[in-house]
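A.B. asks: If you want the building blocks of each chain, they are given just below.
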Amino acid sequence: MSDKPVYPNENIPSKATDFEEALKGLFQKSFDIVISKLDTRHKQAVIVFVEGMVDKDIMDRDIIKPLKSGEFTGRVKAAVKCGFKELHTMSEVIKSVLSGLIILYYEGSKSVLAIDLIKWKERAVEEPDAENVIRGPREGFVENVYTNVMLLRRKLKTHNLIVEKRVLGRQSNTSIAIAYLDNIVNKKVLDEVKKRLEKIDVDAILESSHLEQYLEENPLSIMSGIGLTQKPDVAAIKLLDGRVVVLCDGSPHALTIPELFMDSLKNSGDYYNRTIYGNFLRALRIVALIISILLPGFTAAVLTFHHEMVPLIFLTTIIQAKEGTPFPTLIELLFLMFMFEIIKEAGLRLPKSIGSAITIVGALILGDIAVSAGLVGAPSVIIVALTAVASLAIMSLNEFITFYRIVLLLMGGSMGIVGLSAGLLIMLTQIISNQSFGIPLLSSFNKVNKKDNMLRFPLSLIKRRSITVVNNKTKIGEVVNYKGDFNV
Amino acid sequence: MFKKIIYFIMAALILLGIAGDWTRVEAEEMAVGLSFIYDKSDKGYRIIGEFLDVSHSNDPQQSQISRSLIMEFEARSPAEALQQNLQLEKALYGTHNRVRFFTEKMAQYGIEPIQDFFFREFYLDQRPIMMVVKNEDPLLLFQAETGLSDQVGGYIYALSRLKEERSTLTTFVTTLDFAKDLYKEGKQPIMGVVEVKENKINFDEDVKEEEEKKPKKYVMDFEGLAVFKEDKLVGYLDGQEAIAYNLISDTVRQAYIAIPVSGGNISIYVMESKSQVNTEYLGEDVNINIKIKTRLAIAENMSDYNISENKELKKAEKDINHFMQTRIKEAIQKVQTEFKSDIFGFGDYFHKDYPKKWKTIKHKWDDEYFAKATINVTVENIIETEGHTRERVGERVYAE
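Just so you know, the protein sequences line up as chains A and B, in that order.
Heads up: the first sequence at position 400 corresponds to 400 in the numbering used here, and the numbers run straight through without jumps.
Heads up: the second sequence at position 171 corresponds to 1171 in the numbering used here, and the numbers run straight through without jumps.
Extracted from the complex, chain A is given alone in its bound form (with noise of 0.2 Å):
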């Protein structure tokens, strides 16, 4: 099926009945399209709108009024008491009206109007789930791209914050912004966003996963390579250090690129509280990172092979619960962890009240049960759940800790540490052969980004940009030092 509209020609008809029925021809079935003819004192007039899109009361006031004054002299752009554009092909014409805006046509005139009066029902900007805070800015992203534009803008007031727009989708043509400091921006990086965007040809972009699908360059590696945010002020934080961000009409979730393998780490959390607290989070991350990833596995590789890795005391409680347990170490811990996965999963879909309700049923009956009835050792279930909370302390990382967790875990079950240690390697090898547009993901492991990766040092010592994305030693500015300001 053709994706053009059908309709006589591009040039707008000279006669109001023509446009009408031109416009009539092509939305007829579609009951909220209104197009009402407007009786002025001189000529003819026609009106299109999406109904639900826009302001009645001030289409009202400030169009419909003065066209049918008494006081109208048939110049319509003067009669108008609101801002417009004009067009002059039927093409823009369809597009803006579904676009929201509000079309005039009046008969003899070459071109119409449009008008901007768009006003639709949206979500409040309120803080994002995901991303609670205790410290810092609560305001997080909404459907609507220009609200989540306007919320970049105030955090960042300077002409070098640049918001480029693209329409994407045969079907949807959705909004995409570019947002980028032009100053800072890599420009290779930004080049390279652009081209993939104009490469990108398909129905519909519904959500920003649909875009950061299309966007990434290995559809197979477990990581993208592209952050994602729901908060104005961690997507500023990525602006300043060069990198690109994207928003699409729609979704919440903003597009960070590039995201290499320390940003998923990092939290802004880490930054608003004082250094050695962010410091202390940003370690128990990685710890937690460690934990989630290899427990599982360095348990089941320990309680099969290496025995003699387990102090006495240990060893005699886990012989006491694998007692009469029927599964082998590396099928229990199996178990488990699908069943934290479909609980999660389960909890995430359902109803926030009936989801706790979920959490209850499946934590606590399932995993008690499930060793009283003899299933598993209890053991086990501290380990799944101990994992589990583990990889809730870094949900950047989910797709990638879970899919390895289970990899390793397999590798350490039969293979012992021998195997565990040849998955840690496969695992290595992946992220350090991964790049995120140019730029290897663990490129932030150098000399002069060192007071910002593993550790972040305090912030009036971070005295120049990170070098990794952005390819300048831009100073971010002198820091006063406050040493003896005080003394009285």
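Simulated from the structure, these hints should not be mistaken for laboratory data.
Cβ coordinates follow ideal geometry from the N, Cα and C atoms, glycine included.
Heads up, some of the hints might be wrong.
[Said to hold, decoys possible] Here are the simulated EDC-like pairs of lysine to aspartate or glutamate, each with C-alpha atoms no more than 16 Å apart in a straight line:
hint, chain 1, residue 1, chain 2, residue 2
1, B, 1090, A, 323
2, B, 1200, B, 1145
3, B, 1004, A, 217
4, B, 1364, B, 1185
5, A, 119, A, 51
6, B, 1134, B, 1195
[Unchecked claim] If the Cβ cut is set under 8 Å, some of the chain B residues that face chain A in the computed set are:
hint, residue
7, 1015
8, 1026
9, 1030
10, 1096
11, 1154
[What the hints assert, rightly or not] Computed list of chain B residues with no C-beta within reach of chain A, every gap over 10 Å:
hint, residue
12, 1147
13, 1202
14, 1216
With chain A held as given, fit chain B onto it using these hints.
C.D. replies: Below, chain B without anything else, positioned relative to chain A:
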């Protein structure tokens, strides 16, 4: 892209094939051995094993304490006895084994053949402590009290960890230590000893009869050392002689020793001890000079010396020196005359001092040179602190 996945799977399979550790055992399929007694029997070898037993722990009627299971195996060789038997239904697991006991018969026969088994088998290791059981019936060991621990193995392991540096009355020798001494030139091995004794308590007359009807209680005594010549047991040292051995071989870290001086005992706390040994070769005669330097603290003073006065303190110091000197000399002489086995490692010092001469006499060292060597011992004690009080507690009361 799909090529990569296939490579990944292939790599994993190859790894599994060539590097896979095929010794997979689930924890509940193992018989965890905690201690073993090795005995020589008519058939060959008799091995008594103590295994961790948790089979009753899930039974609410029973206590939660894990118990041990005692099993006896007999065969022509230790490996056959442990692996070929038809009694043990779970896989034998030896790396949590804490103690290896040897009966006197076994130790006199020679440890070396069995030592080979310890080092060759992959499920055994070199960490367990080795001990000679003095009792005729080694099974008494498993009837003895095990302190606050559940099993004999755990009891001796915990004891060795605590007492290794705090007691000089014995030495806890691991399998590796023993092997090192056995294969080292100029040093003969030693081993700890254990003797199971009846725990005699003097009850009051009215309950005595009743108490004596109850089954006997046994305790373990670890005092002393077993002296080996090559791999064969030749005799024992008592606790006091073990102190001399520990001082010479420099293994004393912290220890309390009671020294009898005039009027009573002075207990010293050895904070640091260092020994120096050098040898002199004087044409077929060997002089062995031992110098022991210690830093002491007074732990208790029940003697006549008023150690708050410097003069008396020096006298006490002299007495302590003299006592230790004679005791060490006596101990060495006993070993020289009775056992003719250089357990102190003087031969090793001689080897370092006279490497060329050593090559010609090493085979005769124990019987001829060590046994006849002249021993000079000097002990230098420095009392660094007299403890919290300088005066004897109660002295003032007596004065009044």
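A.B. asks: Can you give the numbers of the hints that this structure goes against, from lowest to highest?
C.D. replies: Checked against the structure, no hint fails, so every one of them is satisfied.
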